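Residues per chain, in single letters:
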Amino acid sequence: MSDSVISGSGFHGARGDSVHAGDLFEALTKACAELTFPASEDWRIVHQYTPQYSDADVPDVFDLGIFKVTDGSQTAERALVLEVTHWKDEKNVSEEPNKSYKAIETLEEFSFLGSRTRAPDSTVKGLPRDTAFGDVIFGNRRYVRKWIPTQYELFLDFVSYPSYEYLDSEPTDPDTGIKQALLDAYEPFDDIVEFVTWLKDRLQNNSNSEIIDVVGRRLLERFEQFKQDDFPLSPLGLAEHRARHDYRDTDEYKSNMAFLDNQIASGGVPADRFGLKAAWNKIGAGNADVEQFDEEWQPLLRAVLNKAAEEIPEVQAGREIVDNAGSILPQIRDLCGSGDIDGLAEYWDHPDETQRIAYRNALRALYQRPVDDFYEEPGVTEQNFSREQFEDPVTRRILNQIADQITSNASGSSTSEWVRTGQQLIERSVDYQAVNGTNSTPTNWVLSHLIEESSLQFGGQVGTGGRWYSYIKDVPYDEFVDRLITFRDYEDMWRPTFAQAEFSFEGDDSSVYIKSKPTKNEEGRRAREEGGKGWFGKLNLPVENGQIEPEYSDDEWWMWVDGDWSHRDNLERLVECGWRVYLDPFTLVENLETR
Amino acid sequence: MDHWSEQVLSDLSRSLTEEGVEIINEPPGRPERFESITLAKLIEFCLKNGFVPVNKQLDLSHTNHIPYRRVTQGSGINQQADISDVLSWVSPIFEIERDQQSLSFFREGSPFLRSRDRPDLLIYSGTFEIEQHSDPFVGEHVIVSWSGSSSGERRYKTETNANGPIAAEDQGEPIFPTLGMEVSLSKSCERLREQVDLLDELGSDNIAAILEHPNPCTSGEIPAVTTVLKAEDKHEFHNNMEQIGKHLLRGETHE
Chain A
48 MSDSVISGSG FHGARGDSVH AGDLFEALTK ACAELTFPAS EDWRIVHQYT PQYSDADVPD
108 VFDLGIFKVT DGSQTAERAL VLEVTHWKDE KNVSEEPNKS YKAIETLEEF SFLGSRTRAP
168 DSTVKGLPRD TAFGDVIFGN RRYVRKWIPT QYELFLDFVS YPSYEYLDSE PTDPDTGIKQ
228 ALLDAYEPFD DIVEFVTWLK DRLQNNSNSE IIDVVGRRLL ERFEQFKQDD FPLSPLGLAE
288 HRARHDYRDT DEYKSNMAFL DNQIASGGVP ADRFGLKAAW NKIGAGNADV EQFDEEWQPL
348 LRAVLNKAAE EIPEVQAGRE IVDNAGSILP QIRDLCGSGD IDGLAEYWDH PDETQRIAYR
408 NALRALYQRP VDDFYEEPGV TEQNFSREQF EDPVTRRILN QIADQITSNA SGSSTSEWVR
468 TGQQLIERSV DYQAVNGTNS TPTNWVLSHL IEESSLQFGG QVGTGGRWYS YIKDVPYDEF
528 VDRLITFRDY EDMWRPTFAQ AEFSFEGDDS SVYIKSKPTK NEEGRRAREE GGKGWFGKLN
588 LPVENGQIEP EYSDDEWWMW VDGDWSHRDN LERLVECGWR VYLDPFTLVE NLETR
Chain B
353 MDHWSEQVLS DLSRSLTEEG VEIINEPPGR PERFESITLA KLIEFCLKNG FVPVNKQLDL
413 SHTNHIPYRR VTQGSGINQQ ADISDVLSWV SPIFEIERDQ QSLSFFREGS PFLRSRDRPD
473 LLIYSGTFEI EQHSDPFVGE HVIVSWSGSS SGERRYKTET NANGPIAAED QGEPIFPTLG
533 MEVSLSKSCE RLREQVDLLD ELGSDNIAAI LEHPNPCTSG EIPAVTTVLK AEDKHEFHNN
593 MEQIGKHLLR GETHE
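In order, the protein sequences belong to chains A and B.
Heads up, the final residue of the first sequence is numbered 642 in this note's numbering, and it's a clean run with no missing numbers.
Heads up, the final residue of the second sequence is numbered 607 in this note's numbering, and it's a clean run with no missing numbers.
Since the hints were derived computationally from the structure, they do not count as laboratory data.
Quantities reported herein were computed from a predicted structural model and do not represent experimental measurements.
For glycine and all other residues, C-beta sits at the position ideal for the given N, C-alpha and C.
Hints are not guaranteed to be accurate.
[Stated by the list, open to error] Only some residues are given here: those of chain B computed to face chain A with a beta carbon under 8 Å:
(1) His-485
(2) Asp-487
(3) Ala-520
Use the sequences and the hints to build the structure in full.
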């Protein structure tokens, strides 16, 4: 029982740990924005700005909205909608492919918003037509695929890299240390708002020259310049957003939207239908048998079960840890409590890869905190975090942090309470991997099975894979080279990176790219991510007769959506990004057969 | 035999009724009751010293606890709260006034605290106005404005992240508590010091603790500005809470 009326035992041991580096970079950006765009000049700075659409209800949130609004007005005279991003805060980095998802989401959010604010019939409350869009990026701009800074710089109206002294591509190294400096500076604060006030005072005072001051003053200057220039807009961004608006008037869009409407009218949204992945999860967890489900789906579920056993052995290993929690968890707690990093490393670096992955996932579950900060360690990436053996100092730093947190999480619990809690945490994590892990793709296995069973020739007209560029490829970049900051050399800026389909169908004049996308509680993010990928494939912006003339590709993008998709707006977003959305796999394969 | 705190709560309930305040939702458990009598006693003390209640009811089940949502793997997505919850999290649970002075009482948090820190009792010398509002820039939200030793406002969205509702906008300066209190039946020195440090960081003018046992810390283990008093029976409780009340009113009491 708690020893206090209110506060639980060990409650304050982890005080302040809910604040992450991302919050602090947003705080620094907000401080600079409040100084450049003061309330005394009728500016409002809104943290976590959510556009209010009259034609859609999508959960898009932008880190900062900067609005010039005279008192009581419902429309801003000027607006800058901003994302705040931090990439690895180190001088030497290698490209992290997984950051592409966030970049695609960001560009898609701006595209969705811009295609509405910049239209004559704007459906966004409060924003003027010349609303500007931007991204403030801290850290090393070479941490991501090269197309990302290139695309941002070409299409967004305001891009700032305050970790760099100069705006051009030299020198290539950023000033580093800002992340740790912000974390240290935040230590005595309990409240981000007060931290912003402190940052503003410090920047106004202008008497310090530590990294926070250096980086903050650069951002101040860049905001000030943008304000002085009266919020100049990117011509390419304008063209792209107009093209997105105009796409909603094409026959292809209308046909795909009618197709979606008909499916929803006849059988409901995916959340109201049979969910393949959910059913498979129940079977995998031992809570259901194949025979309990509709006969139509039983052969598919059997095909999925056969495939799963081959593809994700670490799930079985994880379940064994759950079964043996009574002996393993007290031992882990002791190792953490006594700081026995060598002992923990025996689990962490288990010689058997399957066991290693399972133990790391278990430790990650017991850690109960996001592990993103570990990706800042040299050699550690999101992809290799669960399997690679890192250099000893890196491993020790990670394990020390995990040990401290686990000790804090477990404090005040009896052994039996700790085993019960830990068991539940690990079990939930194992279930998550079984259903959501990157190796777990039951919906693709189903499509594969149906294609094999169809009249289509697998390996002939239909094959696995298929890819298109991750970015809007056909762009008259040479006319806009002055916008470019990070890369100016053609080979560098467009080094090809691709979005992937699971299957593709080669027609005479065009291709069909086919994917499946299950979701659970994250349909908004999925819609942005997949929508962005589709849209960047669909749209090209070539120049004809000196004008940018948008072109929509003749290729088609088909997707079967499974799971908790419950908001029609998210499905409609996929359609306006160029996808033909299927709510069951049978119709998709039938349509492919008759194409 | 009934615990002394039951008798105290009953007496305070009667006494507050005479002052025009009805106590509702009396807590069943002893720890919660101990905190409730502390709160009720301070209010009673102020009312006996010239303050008048703004509210007619003192709801002892009401707190300003903003739920902290643990960040776990795969989360990071903002959650929606009901606007009524946001209103409740940031509204004082009780207010009193005397001449030009107002005191606002908060339990387990305040509009300025959105971390996991939840001091038991915070009293601000000032008024808080809470208003529901909607505009195209913040959407549906709650405006908290305050005036006292400083003034300002914050606009909280109904979307919550790990730290509770998101502060979309803010202006002015925060206001510091005039009294922050730790209330406990049982407290180690270490835990008491953590709470006192927290209240100190919040800039509280007065820091006090009332415990059902003697001060667990020896001299020098907690800042000297802290008043730590014990209440092992109702007489000790009344006497010591009156001392804390005098701190709160800075000696401006009716003897």
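Hints and how they fare:
1. Hint status for His-485(B): violated, given a least beta-carbon distance of 12 Å to chain A, over 8 Å.
2. Given the 8 Å rule on beta carbons, the hint for Asp-487(B) holds: about 7 Å separates it from the nearest Cβ of chain A.
3. Residue-level restraint check for Ala-520(B) holds (minimum Cβ-Cβ distance to chain A is 5 Å; threshold 8 Å).
The structure does not agree with numbered hint 1 stated previously, though it agrees with all others.
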